[in-house]
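2 protein chains.
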Amino acid sequence: MNKAEQAFGSKPAAATSDGRGSYDERLDHILSAATDTIARLGYGKASMREVAKASGVSLAGLYHYFDSKERILFLIQFRAFGSLLSNLREKICGVDDPEAQLRVMIREHFAYFASNMSALKVCSHELDSLSGSAYSETRQVRHEYYGVARGILDRLLDSHGGNGRIDRHVATMALFGTLNWLYRWYDPQRGPAVNTVANQIADQFLHGMLGSIKTSETQS
Amino acid sequence: MNKAEQAFGSKPAAATSDGRGSYDERLDHILSAATDTIARLGYGKASMREVAKASGVSLAGLYHYFDSKERILFLIQFRAFGSLLSNLREKICGVDDPEAQLRVMIREHFAYFASNMSALKVCSHELDSLSGSAYSETRQVRHEYYGVARGILDRLLDSHGGNGRIDRHVATMALFGTLNWLYRWYDPQRGPAVNTVANQIADQFLHGMLGSIKTSETQS
DNA sequence: GTAATACGATCGAACGTTCGTTCTAATAAT
DNA sequence: ATTATTAGAACGAACGTTCGATCGTATTAC
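Line by line, the protein sequences are chains E and A. Here the first sequence stands for residues 1 to 220, where the numbers follow our numbering. Here the second sequence stands for residues 1 to 220, where the numbers follow our numbering.
Bear in mind the hints are in silico, worked out from the structure with no lab data behind them. By construction, the Cβ of each residue, glycine as well, lies at the ideal position given by its N, Cα and C atoms. Among the hints, erroneous ones may be present.
A short, non-exhaustive set of chain A residues, derived as facing chain E with CB atoms under 7 Å [said to hold, decoys possible]:
| no. | residue |
| --- | --- |
| 1 | His143 |
| 2 | Asp167 |
| 3 | Thr172 |
| 4 | Met173 |
| 5 | Gly177 |
| 6 | Ile201 |
| 7 | Asp203 |
| 8 | Gly208 |
| 9 | Gly211 |
Model the full structure from these sequences, guided by the hints.
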């Protein structure tokens, strides 16, 4: 069976030529409804019946597109992290200055958050809800994302001669904490504009890095 | 019935004088085991049977101490947030400088985290698992905690004449994001020392604040 | 051109399990 | 004896998943 075995559709569309769209389009539609449902109720409380109702298919119909409930969560996370990572690599490609790279990264993370709030909420909140190979695969993508961010930070600090008291892993996770906690409080539609918040976070973090370098020996 | 109706025990101990301790002590023991179980499995997957096994009482015995599963989660969160808040207010009492207050706050948060990892993990991860008045009451305490932090930040920025581009709510939530995300990556027993990490986070945040003030008009 | 056939998509209904909770009786303490 | 505390068994509900049948459509056979 070759249904929903791959995270990104390399399947040749195979449009059924009726009003409801192709197989892949219907799968995307269900996945989108499932994302909103899981974001709203949490993975544990979001039942397959609720996902079925939200996406407009029957309970049994869900299992034509996904082997299991866990597979739905895997696809949501793998696609979101994958998009985030590939988009970051693309947008950073022509940028040389590490400081500019870091600003791009934060700005792009905010942009993705604003466009995919439910998906990023699920990604931030349900990290431990997967197990086995599904967990390993998503963790792999997360580690790659971490690696890109960490690489930027390394070049940033190296270029400023910062061998001081900054633990770079701690600094990276502090930034990720700020970004991954967004879904708890920030609503792009009600709060200040996305770019405004993104710029402030970037300013804060960069001043936090460069400021910590310059006062490396003045405090105990 | 007056069992477990209050979050902090004002009950006069009523020791049963056997080896297993008083009623309150047994309640604390069960609550501690429940905290570890919920932190390990998540609230949804942590069954009452698992909590019973972990705490050494029978399934039905649990309901002599707690009306419901949700009440267990409420007590964990209410006690943890309450301890965090009252401890913060106490430790900040004799400190005047806002910068020093902020350092105290971050240091105390780290100290509490190191001593109560399971409880703070549950508090950070299961914020939406409560409903009704249980949710309202815990949110109330959280808001008070936010208010203290926000007050410190306000005095800090005011004392430096910072009326620039810093959205103070955004800045506060950025810090809370870093602190509340700790449970995802930081293990005080394996990573760098608690005070080291706490100092770095405080340094980063303070430089982020004061640095952003001084360059308020140099960037678009 | 039409009937027969094969197949993917979809559904209502049900299965077996686990959940939070409660009932009832037995036990330990005073 | 009375009261508080515990434990085994069971309850109804909800869960993820599977089953068997049905519908529509594309392909094949003649």
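A quick look at each hint next to the structure:
Residue-level restraint check for histidine 143 of chain A is violated (minimum Cβ-Cβ distance to chain E is 12 Å; threshold 7 Å). A least Cβ separation of about 6 Å between aspartate 167 of chain A and chain E falls short of the 7 Å threshold, and the interface hint therefore holds. Interface hint at threonine 172 of chain A: violated, since its Cβ lies 9 Å from the closest Cβ of chain E, which is beyond the 7 Å cut-off. The interface hint given for methionine 173 of chain A holds, since its Cβ lies 5 Å from the closest Cβ of chain E, which is under the 7 Å cut-off.
Hint status for glycine 177 of chain A: holds, given a least beta-carbon distance of 3 Å to chain E, under 7 Å. A distance limit of 7 Å between C-beta atoms decides the matter here; for isoleucine 201 of chain A the minimum to chain E is near 6 Å, and the interface restraint holds. Of the supplied interface hints, the one on aspartate 203 of chain A holds, with its beta-carbon coming within about 5 Å of a beta-carbon of chain E, less than 7 Å. Proximity of glycine 208 of chain A to chain E holds as hinted, the smallest CB-CB distance being about 4 Å (cut-off 7 Å).
For glycine 211 of chain A, the interface hint holds, since its Cβ comes within 7 Å of a Cβ in chain E; the closest pair sits about 3 Å apart.
Going through the hint list in order, the structure does not satisfy hints 1 and 3.
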